[in-house]
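Undergrad: Below, each chain spelled out in residue letters.
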Amino acid sequence: MATTTATITINSTDLLTDELSLSTSSTLTAAGSNTTGLANTGGLARKTVVGAHGQYVLFDGDDYTAGSHKIYLKNLSTTAAEHFVIEINSEQMGKLYAGDWCFFPWEANASTNDIKIDPSANDMVLEYMLLSE
Amino acid sequence: MATTTASLTITSSDLVGDALSLSASNTLHKAGTTTGLEQATGLTKTYLTAVTPIDLFGTILPSGSTGNVSTYEGKSHWIYISNKSEDETEYATITIGDKVIGRLYAGDFMWMPWDQATDALDGTTKHADIELAPSVATGMWFEHCMIHEGMKLPTSV
Numbered sequence: 048m049a050t051t052t053a054t055i056t057i058n059s060t061d062l063l064t065d066e067l068s069l070s071t072s073s074t075l076t077a078a079g080s081n082t083t084g085l086a087n088t089g090g091l092a093r094k095t096v097v098g099a100h101g102q103y104v105l106f107d108g109d110d111y112t113a114g115s116h117k118i119y120l121k122n123l124s125t126t127a128a129e130h131f132v133i134e135i136n137s138e139q140m141g142k143l144y145a146g147d148w149c150f151f152p153w154e155a156n157a158s159t160n161d162i163k164i165d166p167s168a169n170d171m172v173l174e175y176m177l178l179s180e
Numbered sequence: 399m400a401t402t403t404a405s406l407t408i409t410s411s412d413l414v415g416d417a418l419s420l421s422a423s424n425t426l427h428k429a430g431t432t433t434g435l436e437q438a439t440g441l442t443k444t445y446l447t448a449v450t451p452i453d454l455f456g457t458i459l460p461s462g463s464t465g466n467v468s469t470y471e472g473k474s475h476w477i478y479i480s481n482k483s484e485d486e487t488e489y490a491t492i493t494i495g496d497k498v499i500g501r502l503y504a505g506d507f508m509w510m511p512w513d514q515a516t517d518a519l520d521g522t523t524k525h526a527d528i529e530l531a532p533s534v535a536t537g538m539w540f541e542h543c544m545i546h547e548g549m550k551l552p553t554s555v
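In order, the protein sequences belong to chains A and B. The working numbering puts the first residue of the first sequence at 48, with every later residue one more than the last. The working numbering puts the first residue of the second sequence at 399, with every later residue one more than the last.
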């Protein structure tokens, strides 16, 4: 069984009067288990959207069975206004601006439950990884 | 301007042949700028005793608005949710605009952008709220916060 650990840290000394220093770690396991680690990954990958930009299917719900999958995305642009629109099952989640990353569970509970990306400009680069059951 | 940094590490020595050691960090900015986010809900701890879905982060439209108007649509909001249960079978289903994102099992966390976009199912007056539904009614603890560019609060009645 693979052991994969994810840790998030959120820090700020001046957002609030009290210093913010939040840290949470999680061992990534299969649905309903704390002993069976996520065993599959497509590896850390990068996609450059060349030419005319448009919406792309990054992960197709048809390709996975429902489970406790985890998705990591990062916009590698350094131009502040450049962003990727992230969409799940045709519902807009949010925008990843330059340097932003996100990490969230993905159930892939339906064939329509695709993860789609839509870059705001040509030649933007997205770094991504799926950890799956 | 506040400086808030979010960092992620993912490590594994045995998931693949090459040890995985991913590290990402970013400063939270207002949409399309390099100006730091200045507002936050604060880190909240919640105990839920029903499986009924709740609006953890909802979109409130301006009073008297007609049609699809949200003052803060397109702004930068960052959502953190953590399931503090210690029972491996207990999870929370997280949805956006009634579409399932995924399940947070015991100990899991998520960090995602949210821009209060129009609900694809409705498209006229609703926006894609973030909902949470516990898997059991015996009581589950959650931590959550939002660091954001602005949101409308309910008008007093």
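Hints were generated in silico from the structure; no laboratory data involved. Note that the Cβ used here is the ideal one computed from N, Cα and C, for glycine as well. Errors might be hidden in some of the hints.
These stretches of chain A come out as covered by chain B in the derived footprint (C-beta under 8 Å, 3 or more residues) [said to hold, decoys possible]:
1. 56–68
2. 101–112
3. 128–142
4. 148–154
Undergrad: Hint by hint, note whether the structure agrees.
TA: Cross-check of the supplied hints:
| no. | hint | in the structure |
| --- | --- | --- |
| 1 | 56–68 | holds (count 9) |
| 2 | 101–112 | violated (count 0) |
| 3 | 128–142 | holds (count 11) |
| 4 | 148–154 | holds (count 7) |
Hint compliance for this structure: hint 2 alone is broken.
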